[in-house]
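Chemist: Line order of the protein sequences matches chains A and B.
Under our numbering, the first residue of the first sequence carries the number 10, and numbering increases by one thereafter.
Under our numbering, the first residue of the second sequence carries the number 2, and numbering increases by one thereafter.
Just so you know, the hints here were simulated from the structure itself, not pulled from any lab data.
Each hint should be verified, as a subset may be incorrect.
[What the hints assert, rightly or not] Reference excerpt, derived from the structure (chain B facing chain A, CB under 8 angstroms, subset only):
| # | residue |
| --- | --- |
| 1 | Met80 |
| 2 | Asn84 |
| 3 | Phe88 |
| 4 | Ala103 |
We put the beta carbon where it would ideally sit given N, CA and C, even for glycine.
Read off the chains here:
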Amino acid sequence: MKNIFQSKNHFWNLTALLIFIAVIYFLVVPVSRVLLGSLQTQEGGAWTLENFLSFTKYRTYWRSLANSIGVSLAASALTIVLAVPLAFMVSRWNIRGKPYIIALSTIPLMLPSFISAFAWIILLGRAGIATGLFQSLGIPFQSIYGYTGVIMVFTLQFYPYVFLMTLSGFNSVDESLEEAGRSLGTGPVKTFVKVSMPLVLPGILSGTLLVFMTAVENFGVPMVIGEQKPFLAVQAYVEFTSDIGQHPGMAYALSVVLIMVTMTSLMAQRYYLRKRNFIQSAKGRPQIKELRGRARRLATGYCFAVVTVPLIPFFVALIISFMEMRGPVIHPNFSLQNYSYAFGHMARPIFNSYFLATVATMVSVVIGVPAGYILTRRRSMIGDGLDFAIMLPFTIAGTVLGIALIVMFNTGFLVLTGTWMILALSYIIRKMPFIARSSSSILYQLDPSMEEASISLGVNPMKTFFKITIRLMAGGIIAGAILTWVTTISELSSTIVLQTPGWSTMTVEMFQGILSDDMGMASAFASILIVSAIVPLLIIIGRFKEEGSSLF
Amino acid sequence: MPGISIRNVTKRFGDLVAANNINLGIEKGEFFTLLGPSGCGKTTLLRCIAGFLDPEEGQIHFGERRVDGIPTHKRGVGMVFQNYAVFPHLSVQDNVKYGLKARKVPAGEQEDRARQAISLVQLEGLENRLPNQLSGGQLQRVAIARALVIEPEVLLMDEPLSNLDAKLRVEMRGEIRMLQQKMGITTLYVTHDQEEALSISDRIAVMEYGLVRQVGKPWEIYVRPQDTFVAGFIGTTNMIDCEVMADEAGMLVARSGQISFGLTQSDGLSQGEKLQVAIRPEAITIRDIDESIPDGHWSLKGKIVRFEYLGSMIKYEVGFSGDVSLLVISYDAEPDKIKTVGQRVKMSYPIERAKIFRKDPSQ
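Construct the complete structure from the given sequences, taking the supplied hints into account.
Modeler: If you want it as structure tokens, here you go:
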């Protein structure tokens, strides 16, 4: 206990406390108010479970729960089928162009999933380019609207989570473990099943859980390609916006159910991983099997197919943005009309997107880096609390966060609804944990004796943090900040709830363009977003290769 | 330049007592080593002195100044770390100047002192290199220069040589010792390597389970270990379980199985008492079976069961009836004097070289 009162820990305890209080005030309290609201049918009314009972009464509600879970589970299963063999081949076989496969695989995570959904509709929708082709060839194909489309977009968009985590699992299984298995008399296949798979399984499951959580909370894809099928995140938004002025108890109840789904899955994963944290001393990398001729070409072909197919929609979006459009109908002529419209009439949303992402990223770095430092280097009671507080935003869907922030900051002494600050706030809440986590993992690899050396030379701990720690983390922090910026400009699910006419963003405009069949404008914004994401991503891959790779 | 005094220092980690009521006085200008196996508390104690850990109890003084409770950056210690901890983003020169800048030393003086420190550790010409262009030995020199240039009250070294290869380790420990004597700086050194500790130190404290087992000059610790742990940890030793048989003619005789050992008289030992006897392998001389032995020696007869020829010395294992055997080191490596496996030999040792440890009744 003596420690807390010593000056050297004051700064950090105070910082931890401030972050902790901020998380409570800006996240826990708003979400709690949603929780309380879900237990009332009107503002200030009696406590009741009626909203939740609606799930058993009305088809829309229980379908939305079943759809969200069912579609996310299906997508999770498909990502395993797609990504685990890919990870195995890249790790263990002599596939050509491995660095390109890995680099290409990270791109879908950086691009908004609803752009992918939008472009797949242009290809495979009812009036789609490829749909027409199929039908003229006599192939019975209607369209990919509905469950098929949602599952397909989720799978192609989120498979990198499973791929990257499984890949690092396969890469870190010490060769000697497999050799030991072989020497003890199990054949190669049996050794793989008995020795390697159990060691890789935690990685596969962590990746799959990320797919599941990202899919459950996704708003844009079911909205664009789900064709009126109810989903939790979409339904919460619909109920909330249509009930403005009244007490949106049903929107709250849907939000609470959504939080319960994500929290349960996260807790299940933590429970599972707690007993299976295999620490491996990866001395020898696994042996690479030398395939020859046809086998090698086939395997390489599979790998490149998996990583390039998810990128097709983005190319399609880029190409059609240069074509002439009338509503949903594409005319195959080169034209810049979409861009002249976007830059002419929609300059404000473009500015808004960049401005909000920049502000949110800077604040996230300023808060997230010290938070990561506290998590790694200053573990104490406050540090443990902070760890939990920083986990929370991962379990709150963007739509739910948007609703909670409006409930909290609509009235009272701090009114933010309708300002740019509430948008920035939601981005910070969603992205700061990522900066904190990645800072913390950079610090794990940084020997504390560097900082101790500085302190022993007479530089106090706070100055040491700025002179040594930050300097050594710089590469990783910059890479993390760029990734944060890139994913922030594509944020849709909380933006759609919080935006106002003056503070709409590219994603909102694009989304509304899709819904009103203004494909020209949508494709122009899609292209601007894609370029805005790809350029910084290339910078990271080029300049911060090593630091960046630990962030995915 | 003050000494260090450590008074009743206790540090706990939960239920584990990492340093248990430690009392040590380190003279000014002394090279003092904390030696022990991993987990013995030596690094914990060093980190308490550096200020990275706060002891629950006790006091630490540098000379007259009480330092426990003072944060590290105000303590005036120089520290050298196991993994060098040379700042990778700063050149050799800037690493060395780092502590001077923190002390706001004028720029001109910074230059002079950095140049001196760099030449002291023989790194002239490498001032502008970045750490990734240096070898392990050079990095450790930078770390030493950086710690010395601030003219610390005490120098703390935490296993500074354990990341270097064997040859460089021996070379560097000689240099560290020379530097320390030249500067006359009070130095606390932590290592688990007993040879390193014996070669470099003025005095050594041997630690185990958070306790100081023995403090003394290297030869005192080696020749007169105070308990079986010290006897076993420093060097190799023959440890024999015995029972006191008789007290005859100024000599104590104890038995282990069929074999008797002659020991020096010791107060309060009664017949039947259990003992442990430690005899260093090099205290035993191998002789021909019919050779006579000098006065004050005790003689034993046995059969060579194993031998290892190591050039400057020979290691014999001599067996007796039962499972008992003794390790003997002989520097008499003349080819015609070498004994062969199966040969019966006589051995003798001066009885004062057999250390007696009474068995702790609690064990």
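Chemist: For each hint, tell me whether it holds in the structure or not.
Modeler: Structure-based check of each hint:
1. Met80: holds, 4 angstroms
2. Asn84: holds, 6 angstroms
3. Phe88: holds, 6 angstroms
4. Ala103: Hint on Ala103 (chain B): holds, closest Cβ of chain A at ~4 angstroms, below 8 angstroms.
Checked against the numbered hints above, the structure breaks none of them.
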